[in-house]
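Trainee: My request is simple: use the sequences and hints to build the entire structure.
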Amino acid sequence: MSDNEAFLAFSKPFIQATQSVFETMISTTIKPGKPEFKTGHSALCEITSVIPVSGTYNDNQNYSAQFVISFPQETYLKVASAMLMEEYTVFSDEIEDVGNEISNIIMGNAKRFLNEMGYTTSMAVPNLIVGTGHKITYPKNTRIVWFPVSCDHGDFIMEICFTRLDQDNS
Amino acid sequence: MGLKADMKILVVDDMSTMRKIIKNMLKKMGFTNLHEADDGATAWPMIEEAESAGIPFEFIVSDWNMPQMQGIDLLRKLRADERYKKLPFLMVTAETEQSNVVVAVKAGVSNFVVKPFSEEVLKQKIAKIFV
Numbered sequence: 001m002s003d004n005e006a007f008l009a010f011s012k013p014f015i016q017a018t019q020s021v022f023e024t025m026i027s028t029t030i031k032p033g034k035p036e037f038k039t040g041h042s043a044l045c046e047i048t049s050v051i052p053v054s055g056t057y058n059d060n061q062n063y064s065a066q067f068v069i070s071f072p073q074e075t076y077l078k079v080a081s082a083m084l085m086e087e088y089t090v091f092s093d094e095i096e097d098v099g100n101e102i103s104n105i106i107m108g109n110a111k112r113f114l115n116e117m118g119y120t121t122s123m124a125v126p127n128l129i130v131g132t133g134h135k136i137t138y139p140k141n142t143r144i145v146w147f148p149v150s151c152d153h154g155d156f157i158m159e160i161c162f163t164r165l166d167q168d169n170s
Numbered sequence: 001m002g003l004k005a006d007m008k009i010l011v012v013d014d015m016s017t018m019r020k021i022i023k024n025m026l027k028k029m030g031f032t033n034l035h036e037a038d039d040g041a042t043a044w045p046m047i048e049e050a051e052s053a054g055i056p057f058e059f060i061v062s063d064w065n066m067p068q069m070q071g072i073d074l075l076r077k078l079r080a081d082e083r084y085k086k087l088p089f090l091m092v093t094a095e096t097e098q099s100n101v102v103v104a105v106k107a108g109v110s111n112f113v114v115k116p117f118s119e120e121v122l123k124q125k126i127a128k129i130f131v
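The listed protein sequences derive, respectively, from chains A and C.
Residue numbers for the first sequence follow my numbering, beginning at 1 and rising by one.
Residue numbers for the second sequence follow my numbering, beginning at 1 and rising by one.
Everything labelled a hint here was simulated from the structure, so no lab data went into it.
All of these numbers come straight from a predicted model, not from anything done at the bench.
Heads up, some of the hints might be wrong.
[What the hints assert, rightly or not] Looking from chain C toward chain A, a few residues come up when the C-beta cut is under 8 Å (computed): (1) M15; (2) S16; (3) I21; (4) S118.
We put the CB at the ideal spot given by N, CA and C, even for glycine.
Mentor: Here you go:
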């Protein structure tokens with residue numbers, strides 16, 4: 001399997017899981033746009049949840065990866081309102097772990113698909129970063145794919161990065 | 001055991017978002033006596049105090065993955081105590097591997113709901129516990 005094929009195969013479970021989470025718990029469907037490679041480490045929106053994942057595939061080859069979901073504040077407030085069934089008009093402590101809960105559920109759901117594909121997965125605790133132009137830390141030597149996503153509550157960004165450690169870092 | 005609106009329910013989750021989602025879903029179903037704890041270690045003394053006061057919890061909804069005391073450990077601790085052997089316990093988890101279901105069933109879970117879930121699914125899972 002080429003690097004691009006491996007990347008594509010690894011990304012699909014995250015998209016499937018995101019669709020499932022948004023349909024079930026946020027009552028909206030998502031429409032992912034065209035994926036692009038990302039350069040630079042600046043976040044593309046104001047509120048970002050980052051969840052690193054690592055593990056093995058194809059008989060113990062190691063990989064390091066990361067799932068990122070990044071929201072403009074307006075979308076975040078609408079998504080939080082829909083998910084919690086209460087209206088929020090300002091970002092506050094009360095809704096600060098909504099982003100991490102979403103990424104946590106997506107990761108937990110994607111994990112099942114990844115396991116079926118032969119990946120073992122160890123997921124870290126998600127981390128929320130807030131602020132315009134904040135930096136995201138990525139695994140070393142990784143390629144990052146980002147794509148815009150739209151839903152009834154507004155647009156947001158998803159990023160997935162994936163690195164074969166045995167190949168890239170040996 | 002039937003369902004009553006004032007059934008004393010404890011929602012246990014380390015993420016305040018998920019506690020709020022579950023509580024709001026339960027409220028929409030008509031439940032009114034809702035309490036919350038942020039992990040198993042916090043939940044256990046609440047369960048003990050309620051029992052001692054003569055107003056015990058009647059239903060536990062708990063996440064699996066939590067710091068300090070995980071949901072599965074809270075379940076095992078409850079089932080090891082004669083007073084809580086039959087306390088209805090719904091496990092909430094994002095982990096969908098079959099092994100988790102087997103472990104929870106062996107530990108005496110009443111039912112199991114996998115995130116993400118809708119209000120309707122939660123309602124069905126609860127209904128199956130209290131048939």
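Trainee: Each of the hints needs a verdict: does it hold here or not?
Mentor: Hints, verified against the model:
1. M15: 5 Å, holds
2. S16: For S16(C), the interface hint holds, since the closest Cβ of chain A sits about 6 Å away, which is under 8 Å.
3. I21: Cβ of I21(C) sits 6 Å from chain A, so the hint holds.
4. S118: 5 Å, holds
Going through the hint list in order, the structure satisfies each hint without exception.
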